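Heads up: the sequence lines are chains P and H, in that order.
Be aware that the first sequence starts at 1, since it is given in our numbering, and climbs by one per residue.
Be aware that the second sequence starts at 368, since it is given in our numbering, and climbs by one per residue.
Think of the hints as simulated: they come from the structure by calculation, not from any bench.
Remember, predicted model here, so these are calculated numbers, not experimental data.
Ideal placement from N, C-alpha and C gives every residue a C-beta, glycine not left out.
Mixed in with the good hints, there may be bad ones.
[As the list claims (entries may be wrong)] Derived EDC-like pairs: lysine to aspartate or glutamate, alpha-carbon spacing no greater than 20 angstroms straight-line:
{"#": "1", "chain 1": "H", "residue 1": "Lys434", "chain 2": "P", "residue 2": "Asp258"}
{"#": "2", "chain 1": "H", "residue 1": "Lys582", "chain 2": "H", "residue 2": "Glu596"}
{"#": "3", "chain 1": "H", "residue 1": "Lys434", "chain 2": "H", "residue 2": "Glu372"}
{"#": "4", "chain 1": "H", "residue 1": "Lys443", "chain 2": "H", "residue 2": "Asp542"}
{"#": "5", "chain 1": "H", "residue 1": "Lys370", "chain 2": "H", "residue 2": "Asp546"}
{"#": "6", "chain 1": "P", "residue 1": "Lys205", "chain 2": "P", "residue 2": "Asp47"}
{"#": "7", "chain 1": "H", "residue 1": "Lys393", "chain 2": "H", "residue 2": "Glu549"}
{"#": "8", "chain 1": "P", "residue 1": "Lys247", "chain 2": "H", "residue 2": "Glu596"}
{"#": "9", "chain 1": "P", "residue 1": "Lys146", "chain 2": "P", "residue 2": "Asp256"}
{"#": "10", "chain 1": "P", "residue 1": "Lys233", "chain 2": "H", "residue 2": "Glu549"}
{"#": "11", "chain 1": "P", "residue 1": "Lys233", "chain 2": "H", "residue 2": "Glu392"}
{"#": "12", "chain 1": "H", "residue 1": "Lys370", "chain 2": "H", "residue 2": "Glu390"}
{"#": "13", "chain 1": "H", "residue 1": "Lys492", "chain 2": "H", "residue 2": "Asp521"}
{"#": "14", "chain 1": "H", "residue 1": "Lys434", "chain 2": "P", "residue 2": "Asp256"}
{"#": "15", "chain 1": "P", "residue 1": "Lys146", "chain 2": "P", "residue 2": "Asp47"}
{"#": "16", "chain 1": "P", "residue 1": "Lys235", "chain 2": "H", "residue 2": "Glu462"}
{"#": "17", "chain 1": "H", "residue 1": "Lys393", "chain 2": "H", "residue 2": "Asp521"}
{"#": "18", "chain 1": "P", "residue 1": "Lys146", "chain 2": "P", "residue 2": "Asp112"}
{"#": "19", "chain 1": "H", "residue 1": "Lys393", "chain 2": "H", "residue 2": "Asp546"}
{"#": "20", "chain 1": "H", "residue 1": "Lys434", "chain 2": "P", "residue 2": "Asp259"}
{"#": "21", "chain 1": "H", "residue 1": "Lys582", "chain 2": "H", "residue 2": "Asp569"}
{"#": "22", "chain 1": "P", "residue 1": "Lys235", "chain 2": "H", "residue 2": "Asp473"}
{"#": "23", "chain 1": "H", "residue 1": "Lys443", "chain 2": "P", "residue 2": "Asp256"}
{"#": "24", "chain 1": "P", "residue 1": "Lys184", "chain 2": "P", "residue 2": "Glu100"}
{"#": "25", "chain 1": "P", "residue 1": "Lys247", "chain 2": "H", "residue 2": "Glu462"}
{"#": "26", "chain 1": "H", "residue 1": "Lys582", "chain 2": "H", "residue 2": "Glu392"}
{"#": "27", "chain 1": "H", "residue 1": "Lys443", "chain 2": "H", "residue 2": "Glu493"}
{"#": "28", "chain 1": "H", "residue 1": "Lys370", "chain 2": "H", "residue 2": "Asp521"}
{"#": "29", "chain 1": "H", "residue 1": "Lys582", "chain 2": "H", "residue 2": "Glu372"}
{"#": "30", "chain 1": "H", "residue 1": "Lys434", "chain 2": "H", "residue 2": "Asp473"}
[Unchecked claim] Pairwise CB distance ranges, derived in the manner of DEER restraints:
{"#": "31", "chain 1": "H", "residue 1": "Gly531", "chain 2": "P", "residue 2": "Asn173", "range": "28 to 34 angstroms"}
{"#": "32", "chain 1": "H", "residue 1": "Met530", "chain 2": "P", "residue 2": "Leu350", "range": "36 to 42 angstroms"}
{"#": "33", "chain 1": "P", "residue 1": "Leu161", "chain 2": "H", "residue 2": "Gly404", "range": "30 to 36 angstroms"}
{"#": "34", "chain 1": "H", "residue 1": "Tyr378", "chain 2": "P", "residue 2": "Leu152", "range": "40 to 46 angstroms"}
{"#": "35", "chain 1": "P", "residue 1": "Tyr289", "chain 2": "H", "residue 2": "Tyr378", "range": "43 to 49 angstroms"}
{"#": "36", "chain 1": "P", "residue 1": "Leu350", "chain 2": "H", "residue 2": "Glu390", "range": "52 to 58 angstroms"}
{"#": "37", "chain 1": "H", "residue 1": "Thr459", "chain 2": "P", "residue 2": "Ile147", "range": "33 to 39 angstroms"}
[What the hints assert, rightly or not] Stretch by stretch, here's where chain P covers chain H in the computed footprint (C-beta under 8 angstroms, at least three residues):
{"#": "38", "segment": "371-378"}
{"#": "39", "segment": "480-492"}
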Amino acid sequence: MKNTSDQNISKIKLSKFLRPLITFLISSFLLYRIYEVVFIRQQFTPDIWVRFAISGLILGGMYALIAIGYTLVYGIMFMINFAHGEVMMLGAFGGYFIFELFNFIPTPTVADPDLTFLNSQPILSIILAFVAGVTIAGLSGYFLEKIAYRPLRKAPRLILLITAIGASTALQNLAMLLFGPTRKNVINPMILERSAGWSVLVSGKPVLITYTGVFSLVLSALLMVALYLVVQKTKLGRSMRAVAQDKNTAALMGVDVDDVISKTFIISGMLAGAAGVMWDIHMGLVNHYTGFLPGIKAFTAAVMGGIGNIPGAMLGGILLGMLEAVGPAALGIDFQLKDVIAFTILILVLIVRPSGILGEKLSEEKL
Amino acid sequence: MLKVEDLHVYYGAIHALQGINFELEKGEIVALIGANGAGKSTSLNTVSGLLRPAQGSVTFNGEVLNKVPAQQIVRKGIIQVPEGRKIFGRMTVWENLEMGAFIGSDRAVILQDIDSAFSRFPRLKERRNQLGGTLSGGEQQMLAIARGLMAHPDLLLLDEPSMGLSPLLVEQIFDIIQDINEQGTSILLVEQNAQMALAIADRAYVLETGKIVMKGSGDDLLEDQSVIEAYLGGH
Ligand SMILES: Nc1ncnc2c1ncn2[C@@H]1O[C@H](COP(=O)(O)OP(=O)(O)O)[C@@H](O)[C@H]1O
Ligand SMILES: [Mg+2]
């Protein structure tokens, strides 16, 4: 008894004095550093900053789509689905193979004897790539839950967490076995040429806004709006919220809880799959490892926005993309360290504000 | 209509129901009374399919429900209004009612049912866009009952509807229960407030630590000396 009350006292001390102190120290250090780099050294001109910000926004849109999946699943099962990044990777492979296939189908014309289906029907190709990626990722999410998580419905959450990490590794290795370990270059239809775009002048210098970037960003935004409408306005969305709030009472209303959990995994998977195909189109490279970093970063984004909170995941995703793109320059560190920024943010959020920007508490017991 | 026979239910090693029997005929109000921890909620949750009996059976209109999942039992016409109301706190009053109509598919009927819920409970109409979690206890109980009625129950299971309410509200709730019953819904009422429950019940069972120790008509039990001493404040 005495022991626990001692622990309580130290917990109160941590939250009352230590946390604000740490927060204050870290933020003043960061602010000073940013001030020094940005305003004293003036290493970068405004057009460069704009360029960073744009690429961060595009990346952030993809993170947001993946982050929503973490948050939906957490909201309903109180588990972190660490295999979610791999679901995105499988979706990316779906899109990649459609582009490969269509680039293999000749549709020669007089003007261009080498024309392939990919470029004679570019819009259809893009749509089908998304259909394939979204379907594969949705199915992956469905089977992941059904095979790996459902048998553990009554098990302690730590067991689920470990299973999720195992599933992540298993799916990565499965993809490596099936598709080989090398990185594959994704061939886009010509209308989404990666180096093409609109050029805008920022303080007299041109900044390229790529078509692929605008395409990804617009599509991410549309999908987020669509998801929001599904969750808020449809019967399925209502039953998802009901199950998240109270499974037994939802069942007393006639909701099939297992079915809603399945559908939550399918929707999460579909959004991740769409992000995967965007990744193909915008980044141009895919292999079995493609989902790993975006997965962990989207998880960070979900925690930053407040895990379990859908607008939080969207906000967190965009914010993380921006921080990652602007961060190294603003802090005056090596650009190779951009990945470290995400993980540093994760640790800082957990120390400074574990509940995230908009969300509920991510405590040990809930993890 | 409902028949519970030799029901045994466990929570791990805890033997919560130790072979109870009770039944309910169509149109009746049957009360299940007993002290805290007697096993009243366990009984209702087993009928609803949230808990599974280790032994014995629950039969509804001749069909054994032991293995029927909870969401299917709802579709057979048994609706539970759970203990503590269990309103969806982050949904509006309107959305809570829509959840109650989850098994319905005809939009026009659902809208009509919401209308009749609002005329029965005018307070809910005023607050239809308010989040369930912000309602007072009495309003939540009304919402819980209204939500239960949205599914057109043949049998309504009410778990301590008077819990935590002022005497005036308790009167009101019991009037509503009687009214619902008069319109043709059978009611299985679980209460610690034995006085009120027995007054409106056709028949009642007294539950004590997982066993039924007494049964009879509501009026008989109201006058029974041992019931008075144990549950009615012994005057
Ligand atoms: N979830 C549970 N886990 C373990 N024991 C429980 C649980 N729910 C109820 N019990 C036990 O089962 C018995 C009956 O509980 P309950 O049906 O809730 O009683 P009542 O509704 O009559 O107050 C009590 O001894 C209670 O402690
Ligand atoms: Mg109870």
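Verification of the supplied hints:
1. The suggested pairing of Lys434/H with Asp258/P holds, with an alpha-carbon distance near 16 angstroms, which does not exceed 20 angstroms.
2. Restraint check for Lys582/H and Glu596/H: the C-alpha separation of about 16 angstroms stays at or below 20 angstroms, so the hint holds.
3. At most 20 angstroms may separate the alpha-carbon atoms for a hinted pair to count; Lys434/H and Glu372/H meet this at roughly 15 angstroms.
4. Only pairs whose Cα atoms come within 20 angstroms are accepted, and Lys443/H paired with Asp542/H is rejected, the gap being roughly 26 angstroms.
5. Taken as a hint, the Lys370/H and Asp546/H pair is broken in the structure, with Cα atoms around 24 angstroms apart against an allowance of 20 angstroms.
6. Our distance criterion of 20 angstroms between C-alpha atoms is met by Lys205/P and Asp47/P, whose separation comes to about 6 angstroms.
7. Straight-line distance between C-alpha atoms of Lys393/H and Glu549/H comes to about 12 angstroms, which keeps the hinted pair within the 20 angstroms bound.
8. Restraint check for Lys247/P and Glu596/H: not satisfied, since their Cα atoms lie roughly 39 angstroms apart, outside the 20 angstroms limit.
9. The hinted pair formed by Lys146/P and Asp256/P meets the criterion: a straight-line CA distance of about 15 angstroms does not exceed 20 angstroms.
10. Our distance criterion of 20 angstroms between C-alpha atoms is broken by Lys233/P and Glu549/H, whose separation comes to about 36 angstroms.
11. For the suggested pair Lys233/P and Glu392/H, the alpha carbons sit about 40 angstroms apart, so the restraint of at most 20 angstroms is broken.
12. Between Lys370/H and Glu390/H, the direct Cα distance comes to roughly 4 angstroms. Compliance with the 20 angstroms bound is thereby established for this hinted pair.
13. Pair hint Lys492/H plus Asp521/H does not hold up; C-alpha atoms about 25 angstroms apart against a cutoff of 20 angstroms.
14. At most 20 angstroms may separate the alpha-carbon atoms for a hinted pair to count; Lys434/H and Asp256/P meet this at roughly 15 angstroms.
15. Proximity of Lys146/P to Asp47/P is assessed by CA-CA distance (about 49 angstroms); at most 20 angstroms being required, the pair is judged violated.
16. In summary, the hint linking Lys235/P to Glu462/H is supported, as the alpha carbons are separated by about 10 angstroms, within the 20 angstroms threshold.
17. Proximity of Lys393/H to Asp521/H is assessed by CA-CA distance (about 8 angstroms); at most 20 angstroms being required, the pair is judged to hold.
18. With a C-alpha separation of about 49 angstroms, the suggested pair Lys146/P and Asp112/P falls outside the 20 angstroms cut-off, and the hint is violated.
19. Of the pairs offered as hints, the one joining Lys393/H and Asp546/H holds, with about 15 angstroms between alpha carbons and a cut-off of 20 angstroms not exceeded.
20. Pair hint Lys434/H plus Asp259/P holds up; C-alpha atoms about 18 angstroms apart against a cutoff of 20 angstroms.
21. In summary, the hint linking Lys582/H to Asp569/H is supported, as the alpha carbons are separated by about 11 angstroms, within the 20 angstroms threshold.
22. Between Lys235/P and Asp473/H the CA atoms are separated by roughly 13 angstroms; this keeps the pair inside 20 angstroms, and the hint holds.
23. With a C-alpha separation of about 14 angstroms, the suggested pair Lys443/H and Asp256/P falls inside the 20 angstroms cut-off, and the hint holds.
24. A hinted pair counts as satisfied when its Cα atoms are at most 20 angstroms apart, and Lys184/P with Glu100/P qualifies at roughly 10 angstroms.
25. Simply put, Lys247/P and Glu462/H have alpha-carbon atoms about 16 angstroms apart, close enough for the 20 angstroms limit, and the pair holds.
26. Of the pairs offered as hints, the one joining Lys582/H and Glu392/H holds, with about 15 angstroms between alpha carbons and a cut-off of 20 angstroms not exceeded.
27. Of the pairs offered as hints, the one joining Lys443/H and Glu493/H is violated, with about 32 angstroms between alpha carbons and a cut-off of 20 angstroms exceeded.
28. Straight-line distance between C-alpha atoms of Lys370/H and Asp521/H comes to about 14 angstroms, which keeps the hinted pair within the 20 angstroms bound.
29. Only pairs whose Cα atoms come within 20 angstroms are accepted, and Lys582/H paired with Glu372/H is accepted, the gap being roughly 15 angstroms.
30. For the hint pairing Lys434/H with Asp473/H, the CA-to-CA distance comes to about 28 angstroms; that exceeds 20 angstroms, so the pair is violated.
31. The hinted range of 28 to 34 angstroms is not satisfied by Gly531/H and Asn173/P, whose Cβ atoms lie roughly 55 angstroms apart.
32. At about 39 angstroms, the beta-carbon gap between Met530/H and Leu350/P stays in the expected band of 36 to 42 angstroms.
33. Between Leu161/P and Gly404/H the beta carbon distance is about 34 angstroms. The supplied range of 30 to 36 angstroms therefore holds.
34. A hinted range of 40 to 46 angstroms for the beta carbons of Tyr378/H and Leu152/P is inconsistent with their spacing of about 20 angstroms.
35. For the hinted restraint 43 to 49 angstroms between Tyr289/P and Tyr378/H, the CB-CB distance of approximately 46 angstroms keeps it satisfied.
36. Distance hint check for Leu350/P and Glu390/H: the Cβ-Cβ separation is about 56 angstroms, which falls inside the suggested range of 52 to 58 angstroms.
37. Distance hint check: the CB atoms of Thr459/H and Ile147/P are about 37 angstroms apart, consistent with the given range 33 to 39 angstroms.
38. Residues of the segment 371-378 of chain H with a Cβ under 8 angstroms from some Cβ of chain P number 0, which does not satisfy the need for three, so the listed coverage is violated.
39. Note: the segment 480-492 of chain H has 0 residues with beta-carbon separation from chain P under 8 angstroms; the three-residue rule is not met and the coverage is violated.
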